[in-house]
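Enquirer: These are the residues of each chain, in order.
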Amino acid sequence: AQSVTQPDIHITVSEGASLELRCNYSYGATPYLFWYVQSPGQGLQLLLKYFSGDTLVQGIKGFEAEFKRSQSSFNLRKPSVHWSDAAEYFCAVGAGNQGGKLIFGQGTELSVKP
Amino acid sequence: NAGVTQTPKFRVLKTGQSMTLLCAQDMNHEYMYWYRQDPGMGLRLIHYSVGEGTTAKGEVPDGYNVSRLKKQNFLLGLESAAPSQTSVYFCASTPGFQPQHFGDGTRLSIL
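These protein sequence lines map, in sequence, to chains W and E.
Everything in the first sequence is counted per the numbering used here, starting at 1 for the first residue and increasing by one.
Everything in the second sequence is counted per the numbering used here, starting at 1001 for the first residue and increasing by one.
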């Protein structure tokens, strides 16, 4: 069965520091991979996606993620965190033959220290 | 562009009451989804639809029903609300093998 694990429930970083949020997935074929961000009281906004091709994908707000098939990982990174990046981040995996369904990780809450 | 609109945004129900949540999208998307979000559990798929007139069960369908009579609308019904259904409900849509677009959520409390 497909599954997504985000090992870190809560992360705190200082403003200006680098960030890496971890995501590991379990899926038998090449997955579609996504990172979404959710600000308090809001819906989910797509940060970036991986379907195929270059394994390093760039997203909005200065985020990037790298697909590593050998490690079944799709970690999210940002070189310098801004206070406005404080939010909850969700990794999701989808399959092309299952009605576009997504399986979400549990989420990682990011706090940013001034 | 309205995108995905959920109605209502907030609701408080008593145990045993029924209600319907409405999701409307103006992007002509084929696929639509209902999720619930609970602390520490991410989003879990309740039901989904791959086109007008179709529905299918997701991961946590018990206690919910859905209908997709029109392509742009996807309704989620609770026939007899239970406290365990207190949650934030999100609707999403996609044209196919593309990222899903999400509404802003409906916060539902069952007393």
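I should point out that these hints are in silico values taken from the structure, not numbers from a laboratory.
Some hints here could point you the wrong way.
In silico lysine-lysine, DSSO-like type, Cα no more than 27 Å apart, as pairs [said to hold, decoys possible]:
| hint | chain 1 | residue 1 | chain 2 | residue 2 |
| --- | --- | --- | --- | --- |
| 1 | E | 1014 | W | 49 |
| 2 | E | 1070 | E | 1057 |
| 3 | E | 1057 | E | 1071 |
| 4 | W | 61 | W | 49 |
| 5 | W | 101 | E | 1070 |
| 6 | W | 68 | W | 49 |
| 7 | E | 1057 | W | 101 |
| 8 | W | 101 | W | 61 |
| 9 | E | 1014 | E | 1057 |
| 10 | E | 1071 | E | 1014 |
| 11 | W | 61 | W | 113 |
| 12 | W | 101 | W | 49 |
| 13 | E | 1014 | W | 101 |
| 14 | W | 49 | E | 1071 |
| 15 | W | 101 | W | 68 |
| 16 | E | 1009 | E | 1057 |
| 17 | E | 1071 | W | 101 |
| 18 | E | 1071 | E | 1009 |
Label pairs and their calculated CB-CB ranges [unchecked claim]:
| hint | chain 1 | residue 1 | chain 2 | residue 2 | range |
| --- | --- | --- | --- | --- | --- |
| 19 | E | 1041 | W | 29 | 33 to 39 Å |
| 20 | W | 80 | E | 1096 | 34 to 40 Å |
| 21 | W | 84 | E | 1063 | 43 to 49 Å |
| 22 | W | 83 | E | 1038 | 39 to 45 Å |
| 23 | E | 1086 | W | 18 | 35 to 41 Å |
| 24 | E | 1017 | W | 16 | 35 to 41 Å |
| 25 | W | 53 | E | 1084 | 39 to 45 Å |
Yeah, the Cβ is synthetic: ideal placement off N, Cα and C, and Gly gets one too.
Enquirer: Does each hint fit the structure? Answer for all of them.
Expert: The hints, checked one at a time:
no.: 1; hint: E:1014 x W:49; result: 40 Å, violated
no.: 2; hint: E:1070 x E:1057; result: 18 Å, holds
no.: 3; hint: E:1057 x E:1071; result: 18 Å, holds
no.: 4; hint: W:61 x W:49; result: 14 Å, holds
no.: 5; hint: W:101 x E:1070; result: 20 Å, holds
no.: 6; hint: W:68 x W:49; result: 14 Å, holds
no.: 7; hint: E:1057 x W:101; result: 11 Å, holds
no.: 8; hint: W:101 x W:61; result: 26 Å, holds
no.: 9; hint: E:1014 x E:1057; result: 25 Å, holds
no.: 10; hint: E:1071 x E:1014; result: 31 Å, violated
no.: 11; hint: W:61 x W:113; result: 18 Å, holds
no.: 12; hint: W:101 x W:49; result: 15 Å, holds
no.: 13; hint: E:1014 x W:101; result: 31 Å, violated
no.: 14; hint: W:49 x E:1071; result: 26 Å, holds
no.: 15; hint: W:101 x W:68; result: 22 Å, holds
no.: 16; hint: E:1009 x E:1057; result: 24 Å, holds
no.: 17; hint: E:1071 x W:101; result: 18 Å, holds
no.: 18; hint: E:1071 x E:1009; result: 22 Å, holds
no.: 19; hint: E:1041 x W:29: 33 to 39 Å; result: 25 Å, violated
no.: 20; hint: W:80 x E:1096: 34 to 40 Å; result: 36 Å, holds
no.: 21; hint: W:84 x E:1063: 43 to 49 Å; result: 38 Å, violated
no.: 22; hint: W:83 x E:1038: 39 to 45 Å; result: 27 Å, violated
no.: 23; hint: E:1086 x W:18: 35 to 41 Å; result: 38 Å, holds
no.: 24; hint: E:1017 x W:16: 35 to 41 Å; result: 50 Å, violated
no.: 25; hint: W:53 x E:1084: 39 to 45 Å; result: 43 Å, holds
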